[in-house]
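There are 2 protein chains.
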Amino acid sequence: MMPKGYKGVQFKVPKLRAAMSRKVTFNPYGITARVEEGENLLHAALDAGVHIDASCGGEGVCGKCKILLESGEIDTVHSELLSAEDWALGFRQACQSRIRSDVVLRIPALSLLDSRTITRRRSGLVLRPASIDLDDLQRAGLYDPAFQKRFVTLPPLTPSNTISDLSRLKEGLGRQHGLKEITLDFHLVRKLGLVLREKDFQATATLDFSRRRYVHPHLLNVEPGDTTLRHFAFAVDIGTTTVWVQLIDIAKGEIMGHAADYNGQLSYGDDIITRIVFSQKEQGLEKLQHAAASNINQLMHRLLERYRVSIDEISHVTIAANTTMTHLFYGIDPRHLRLPPYTPTVRNVPLARARDMGLETPAHIFINCVSSISSFVGGDIVAGILASGIYKDPKLTLYIDIGTNGEIVIGNKDWLACAACSAGPAFEGGGVQFGMRAMGGAIEDVSINPKTFEPMIITVEMLKPKGICGSGLINLLAALMESNLLDPNGKFSSSSKTSRIRMGENGREYVLARAPDTQIGQDITLSEADIDNLMRAKAAMFAGYVTLLDNVGLTFEDIEQVILAGGFGSYVNIENAIAIGLLPDLPRDRFQFVGNGSLQGATFLAMSRELLSEERRVAAIMTNFDLSETPGFMNNYIAAMFLPHTQMQYFPTVIERMNYRY
Amino acid sequence: MMPKGYKGVQFKVPKLRAAMSRKVTFNPYGITARVEEGENLLHAALDAGVHIDASCGGEGVCGKCKILLESGEIDTVHSELLSAEDWALGFRQACQSRIRSDVVLRIPALSLLDSRTITRRRSGLVLRPASIDLDDLQRAGLYDPAFQKRFVTLPPLTPSNTISDLSRLKEGLGRQHGLKEITLDFHLVRKLGLVLREKDFQATATLDFSRRRYVHPHLLNVEPGDTTLRHFAFAVDIGTTTVWVQLIDIAKGEIMGHAADYNGQLSYGDDIITRIVFSQKEQGLEKLQHAAASNINQLMHRLLERYRVSIDEISHVTIAANTTMTHLFYGIDPRHLRLPPYTPTVRNVPLARARDMGLETPAHIFINCVSSISSFVGGDIVAGILASGIYKDPKLTLYIDIGTNGEIVIGNKDWLACAACSAGPAFEGGGVQFGMRAMGGAIEDVSINPKTFEPMIITVEMLKPKGICGSGLINLLAALMESNLLDPNGKFSSSSKTSRIRMGENGREYVLARAPDTQIGQDITLSEADIDNLMRAKAAMFAGYVTLLDNVGLTFEDIEQVILAGGFGSYVNIENAIAIGLLPDLPRDRFQFVGNGSLQGATFLAMSRELLSEERRVAAIMTNFDLSETPGFMNNYIAAMFLPHTQMQYFPTVIERMNYRY
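So the protein lines, in turn, are chains A and B. Residue numbering for the first sequence follows this note's numbering, starting at 1 and increasing by one per position. Residue numbering for the second sequence follows this note's numbering, starting at 1 and increasing by one per position.
Where hints are given, some of them may not hold.
[Stated by the list, open to error] Only pairs whose alpha carbons sit at most 35 angstroms apart, straight line, appear in this in silico DSBU-like list of lysine-lysine:
# : chain 1 : residue 1 : chain 2 : residue 2
1 : A       : K451      : A       : K66
2 : A       : K281      : B       : K191
3 : B       : K281      : A       : K191
Simulated from the structure, these hints should not be mistaken for laboratory data. Please read all numbers here as calculations on a predicted model, not as lab measurements.
Can you make the complete structure from the sequences, with help from the hints?
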């Protein structure tokens, strides 16, 4: 039972980066920040709002990010980019240095910024994805997986007791665990006789206790001896661009780890529409189905190997995905999803045997799929809503998932309304020439020197840059706005005198990294065409919030909490996302970033039958708005095609911030 | 609901052969019998107890069965075996003649019997298998198949009604048929979108309403348009020797027809033990499973073609089989069935998808398997009990299934006790040199001239003889006893002076047909070794009755009804079966012969969810006796190794009959 007053699983609100344990002083500004010991100096500077020119993303090969260590201890490397003389003077490469004590640094003249810059609200709120708080789940009594193992010791065979092996097992489960009227899957029966005898009628049964699907406990598997401590499950998120698989230790109530890869369907089309079209070709649907299954197989096996788990020890797979990905994975013809009136064939996919879907799994493994809402709001969103606990929360919440498409949900424990925004994949790197996923070498943070317009870039894993990921694009747009290079229409100022702005094939572009500093041997740029795509995406999202709020008679002021999910990489800078008009300008402490909400939801469902039983209720109560049919949406969209927005009253803090820079 | 006082489905008691519509007078005996117009004269004579020498089984090639037509009309053939002179005199071949009016015949001297012979109780009761009385089933309100079709017309798609196809279908089933909380099988979903649109959202759903397996109606299939009049199912009996498949028209409540073939597993062993041993070899179980599936596939397709039914129109398959055949068909390791304490892995096999078992069927077809009682009393017996209605009958009934093994059930509506008799396959032709199944050319009836010891044989389909089937063996044994050729120990009298008795490789033997008259080009004989096997089989059965009755404190006098099931071919002569001690000597009107009770039971289960819901209850209340562990059985067995029995008081009418012959 649920403890009284419990409002669903809450994500831990992550702490601000600024709250650290070592003091770093940046001179000549006299700015002091607290950072965690071991933090990289370039990161620390960026977080503190201190610009240091840096071109190679942090790999240490451009040699531009030199700082002078005035006092304190750092771990660093003496590369050939620092002369013996510089080294003796105390110069170090910021990107190669980690803080070991309180330190005092000096930014040399080359990197020095206008003093105004340092007071900008750079590090307002940088959210890292919240981790799932299993203690919370357990304290709330929610850690109660639907799939459980039961060890039984059965009485020996005697001439007077020759009931069937199956009856003997059922009787044992009844006597030792109080389980009655057990149903079971046929495939178990084939091996039952040998399994029971292998450890002399001591065996472990795997049962599914989710009443949503079975009225009685459902027996799925039986193993020789006591295997209750070896019980695992997979949670899977099939995104249009990326497939994630997470391995869960059900016996311990722990997440072991995850693995991800590009969706193999990308070779048949980047977006949903292209894939639906492809599915109608000869063998098209089969190819798409196979690609998804193949992704999951590879990721599952990678995790099994890494954590030394046998596939036989997995009890089930939970899958969350958008509606099209769900249809394609299950091999269900998706054509009606894109034909008016956009009808999915199925929203609640019945249990299916995993190997019937091409997963390389033993017969006892079934797939549970999270219910969808409509053709455009899928099980990934329902999973996120379940994981975030909104459906039990009295607080009015705006849930935003920015992935290949953008979906939004508004509501609380009493009601939920949702819509898909057709935002496109810009914030996943799609439709942007140098856009990429948040992998090693993706530029994820940027600062621009407002005088020299030279950039300071930091990449994922601090490797030489290869492209720009979603969070990098947001941060770059905000930095371009703030440095006055970009006007509110998304066009580069024709008057700016810097070689970083040039005419390219797609209009003007800003050169973020020059060829020699990159992994790809060519300049990494952001063009006006790229910016146009980003603006369309963010406008679709913002128009979605406004339209949905209008339709339920609410305004932004009513929103007490914003939960942000999606493929931003490892963090999102809320300040910058607001600055470009992607997120509403609400008090910053109302924002949370949950990362891959879909994967977390699928994981939670494997851990809690309470949530499992709530899933269809949530899917059922959610009201779906088709924005293209909703009055006002087009006007709201056009109004949002501006940085941050044509109606500046929506963005009071951005006005303040932008005014400040002049 | 069941009508009050209804006692289960009753088989129609078949009429005696003697009750016919044309009068035949056999001179010189002056014996008159009524037979149906069109009846074969050889058959008519045998039934009337009139011996006519006949060696070729009725094919017309031996020319021995000449009779003189004194008056009346027959259809006949003038073969070269009758001279023009004989033909002109009025001689005809009895086996080639069919009665068209009242006729008077004369048996010529060559075929003439001692006048005593004609007064023997030859035609006491010849039972043909009862047919299933569907009118009875329907009157009783039992015709209520668990699988039913429902036609729905769904509302058109509109922009404001974009619920999923599945929800639309479920809503339609709810609105138009009052069905709620429908569960469903995944495989349906893949085709749902196209099927619904094919006839503009008019469709027919196939649902399983058997509450035994699903609490709610379970949706299995959906077809475009209205297909409610096309709904079929298969019933299957997997016997150790023969596999039977019956096609049922569920929409009309009619049996369409059946097909049968030898069990393909015969090539891996004749009996259950040999096959279990074979199953333990490399790929052995797979081969046995495949053989059974292959049998069923061929028979199904034969029926589908014959009756122009598509496999897609089949809703399900019901299988009844003995416990070993059940394990082998499902690919369940059977080794523990033959190891003490003889434990089946499973008695109630869960529903399994037919194609997972190798049946060539679409995904929606599942297999329902009749529950077994023990390792040696299987679902074939439970099916027979259900079909015969014993479980609802107040009359104390003895149910006997004589197939490859013999199983018996005693009881009534209040209790049921069962046992397997290890009778072996003698009455299916196994362990008898010229034994065979009741196929074309099998000797099924025999009379022996008590003076000349020449036989009169009739074969199935009246073809030249190939061997002797079960009913033929019973009739032959009785004829040998009656003609005084065989003594009560089952040995041929050494004093009999006839060339029909001779020494063979396996002791003395009776020559039933000489090589030139057979299809096989060798003499067809019955040896003392064959007789010993037959006696062991009948002794095991009889000892079973006595032991089971003893153990429940009853005697033969208490039995009000005997139901005989099994592979005797198209009929069984009760008088002769009693004469050899295979059946108890009870008033003849207490006997019924139901033919393949297992197949009929499987058929009934497809027609009545009432019976389906009774099935497990019946299986659960039945008490199984392991005869080998039951005191008294061995003594009873030894006492029964005599013709008809060492304790002659069990067989008062046989004493009377045998005494009469001297």
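What hint numbers does the structure not satisfy?
-> Violated hints: none; all satisfied.
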